[in-house]
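Protein chains in written order, with full-length UniProt numbering: chain L, 1 to 118; chain F, 1 to 83; chain S, 1 to 88; chain B, 1 to 246.
Simulated from the structure, these hints should not be mistaken for laboratory data.
Keep in mind that the hints are not guaranteed to be accurate.
[Said to hold, decoys possible] Here are the computed lysine to any residue pairs in the SDA-like style, where the Cα-Cα straight-line distance is at most 20 Å:
| no. | chain 1 | residue 1 | chain 2 | residue 2 |
| --- | --- | --- | --- | --- |
| 1 | L | LYS100 | S | ALA82 |
| 2 | F | LYS81 | S | LEU81 |
| 3 | B | LYS4 | S | ARG21 |
| 4 | B | LYS26 | L | HIS6 |
| 5 | S | LYS85 | L | ASN104 |
| 6 | F | LYS81 | B | ILE238 |
| 7 | F | LYS81 | B | ALA106 |
| 8 | L | LYS100 | L | HIS29 |
| 9 | B | LYS205 | B | HIS128 |
| 10 | B | LYS4 | L | LEU21 |
| 11 | F | LYS81 | B | GLN108 |
| 12 | F | LYS81 | B | ALA240 |
[Claimed, not checked] Sample of chain L residues facing chain F (criterion: CB under 8 Å; computed from the structure):
| no. | residue |
| --- | --- |
| 13 | GLY57 |
| 14 | VAL61 |
| 15 | ASP64 |
| 16 | PRO66 |
Glycine is no exception: its CB is placed at the ideal position from the N, C-alpha and C atoms.
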Amino acid sequence: MNSVIHTFPYLVAGWVFLCGLYGIVTSRHLVHMVVSMAVLQTSTYILLLNIGFRQSGAAPVFADLPPSTRIVDPIVQALMLTDIVVEATVVALVLAFVVKAHENAGTLSPDDLRMMRG
Amino acid sequence: MNVWLLASCAVGLCLVPCAAMCLQGSPERRLVGLEMTGTIVTLLLVLLTMGFHRPILMDLPLTVAIMSLAAGLVFARFLEKQL
Amino acid sequence: MTIFRMLLLSLIGLAALGVVRTRDLVSQVLALTFYGMLLAVMFFAFQAPDVALSQIVIGAVALPLMIMLVLARMRHRERTLAEQKDGR
Amino acid sequence: MSQKVRLRIFWICAAGFACIYFLVAKNLPPWGHYRGPYGDVISSLSVYERHATDVVNAIDYDYRGFDTLAEEFILFTSVLGVMMLLRPPERKATPSATAEESMSPAVQLAALPCFAILILFGLYMSTHGQLTPGGGFQGGVIIASAPMLVYVAEHFRAFKRITSHPLVEGLEAAGAAGYAVIGVTAFAAGVPFLTNWVPLGVTGKVFSSGTIAAISACVGLEVATAFLLLSYTYLAEIIADAGKTK
Numbered sequence: 001m002n003s004v005i006h007t008f009p010y011l012v013a014g015w016v017f018l019c020g021l022y023g024i025v026t027s028r029h030l031v032h033m034v035v036s037m038a039v040l041q042t043s044t045y046i047l048l049l050n051i052g053f054r055q056s057g058a059a060p061v062f063a064d065l066p067p068s069t070r071i072v073d074p075i076v077q078a079l080m081l082t083d084i085v086v087e088a089t090v091v092a093l094v095l096a097f098v099v100k101a102h103e104n105a106g107t108l109s110p111d112d113l114r115m116m117r118g
Numbered sequence: 001m002n003v004w005l006l007a008s009c010a011v012g013l014c015l016v017p018c019a020a021m022c023l024q025g026s027p028e029r030r031l032v033g034l035e036m037t038g039t040i041v042t043l044l045l046v047l048l049t050m051g052f053h054r055p056i057l058m059d060l061p062l063t064v065a066i067m068s069l070a071a072g073l074v075f076a077r078f079l080e081k082q083l
Numbered sequence: 001m002t003i004f005r006m007l008l009l010s011l012i013g014l015a016a017l018g019v020v021r022t023r024d025l026v027s028q029v030l031a032l033t034f035y036g037m038l039l040a041v042m043f044f045a046f047q048a049p050d051v052a053l054s055q056i057v058i059g060a061v062a063l064p065l066m067i068m069l070v071l072a073r074m075r076h077r078e079r080t081l082a083e084q085k086d087g088r
Numbered sequence: 001m002s003q004k005v006r007l008r009i010f011w012i013c014a015a016g017f018a019c020i021y022f023l024v025a026k027n028l029p030p031w032g033h034y035r036g037p038y039g040d041v042i043s044s045l046s047v048y049e050r051h052a053t054d055v056v057n058a059i060d061y062d063y064r065g066f067d068t069l070a071e072e073f074i075l076f077t078s079v080l081g082v083m084m085l086l087r088p089p090e091r092k093a094t095p096s097a098t099a100e101e102s103m104s105p106a107v108q109l110a111a112l113p114c115f116a117i118l119i120l121f122g123l124y125m126s127t128h129g130q131l132t133p134g135g136g137f138q139g140g141v142i143i144a145s146a147p148m149l150v151y152v153a154e155h156f157r158a159f160k161r162i163t164s165h166p167l168v169e170g171l172e173a174a175g176a177a178g179y180a181v182i183g184v185t186a187f188a189a190g191v192p193f194l195t196n197w198v199p200l201g202v203t204g205k206v207f208s209s210g211t212i213a214a215i216s217a218c219v220g221l222e223v224a225t226a227f228l229l230l231s232y233t234y235l236a237e238i239i240a241d242a243g244k245t246k
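Modelling step: build the complete structure from the supplied sequences, incorporating the hints.
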């Protein structure tokens, strides 16, 4: 039981990664693909969070804690904060490309988008 | 493990029917599930804040409460008019 | 508490599959919002309130909103094109 | 490549990935027993060194400030890219009052107090980042979601007047530049770029932790205006047509 708990959170991150990849591979619409990409990116949050987590550690805010309290790792959390904002900007830019593709090609199925072929 | 955390476990189980609502069915049905999720998540975060003995984190349930109301309005409008 | 965290993680695994398997776009955006909400709860339960906050505002509101706006724009364009075709 | 072949390749790759990933996950430090030293070092330093009680924000806006500067410019550049790609069409829109329909009074009544609360809460978030969870990024998005409520409850014109104002673009540039300028002011004090040279104040007060608070406010301004511009750019075509038809 203990060894299961020790690896299960990491496995969830891998599972979410594979889910996102599955969505991208089987997608028939570019917006669906963008959403799948967003799901894929969340796997990194889950992995980072679980790596930095500590049993019985407090949240890294010392406003109402004595400074010597045992806390979870704040560095991975700073990384995740960056990651989340960058995800939003990447999605915004990719969505602009999707709108442009829709205006120019009239379709959004990746198989029908002739202009995406080299 | 204190009584707040026990309560939050019980409220957390209420997310399962929300998942059932949000992950299948028509968009309207999902929107209803989403609104319910907003309420339950607010309650859950309040309970967890109390359970961790960190009242300073009470900003989060406040954010969820405000943002889920706003997001619910916007989503409803888009479902009705634009989509 | 550990069991609660594990249950949350399992629910997230389920929800990720659900989001990806939804084919209707509007439904998928709503499912993504739910998934973002769930992630925010998980971050909070794993003692990361800062990340949970940004996940609430971005993952559960801003991101679905942007996708919704793009969907509305594309529907609008298709509708006006159809109207123009009828008008001729 | 047909759908079936693609899916088959995916399953093979996924199986390989799953095997390798399982081995990796088994050899990671057991969950809940992270031993990384840097987190402990920073968390013991940040309250004494920077007078910031929120360690994550102290890392983001100070210890790792240069990274966050780059991240902010990623946001700036992507908004620029979206605006260039989706430039609003040049149409002579003649707005007529009949084309604009607002929502029911009930929705308006719910939305307008919500608008005020959102802006107030966003300002609170982006100025208290050094004390409690929050900060520029979160506060900015909260502020930017308020005009969406105007769009929902009122008509297109009110939304357009808020978001397409030249001031918004200027403020976005100011927010992006403000971060770099705060970094440069460190030169005046004779210390390296982005050093926290401002007097640090009393721990736990709003005016504490030096440049962290200022940078957080700048980032809030930048993010809020960036998301406003994004939402306007996505909606521009609908807004332009709504004024024209009917």
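Okay, the hints, checked on the actual structure:
no.: 1; hint: L/LYS100 <-> S/ALA82; in the structure: holds (19 Å)
no.: 2; hint: F/LYS81 <-> S/LEU81; in the structure: holds (18 Å)
no.: 3; hint: B/LYS4 <-> S/ARG21; in the structure: holds (17 Å)
no.: 4; hint: B/LYS26 <-> L/HIS6; in the structure: holds (8 Å)
no.: 5; hint: S/LYS85 <-> L/ASN104; in the structure: holds (17 Å)
no.: 6; hint: F/LYS81 <-> B/ILE238; in the structure: holds (12 Å)
no.: 7; hint: F/LYS81 <-> B/ALA106; in the structure: holds (17 Å)
no.: 8; hint: L/LYS100 <-> L/HIS29; in the structure: holds (14 Å)
no.: 9; hint: B/LYS205 <-> B/HIS128; in the structure: holds (9 Å)
no.: 10; hint: B/LYS4 <-> L/LEU21; in the structure: holds (15 Å)
no.: 11; hint: F/LYS81 <-> B/GLN108; in the structure: holds (16 Å)
no.: 12; hint: F/LYS81 <-> B/ALA240; in the structure: holds (16 Å)
no.: 13; hint: GLY57; in the structure: violated (11 Å)
no.: 14; hint: VAL61; in the structure: holds (6 Å)
no.: 15; hint: ASP64; in the structure: holds (5 Å)
no.: 16; hint: PRO66; in the structure: violated (13 Å)
Hints 13, 16 from the list above are not met by this structure, while the remaining hints are.
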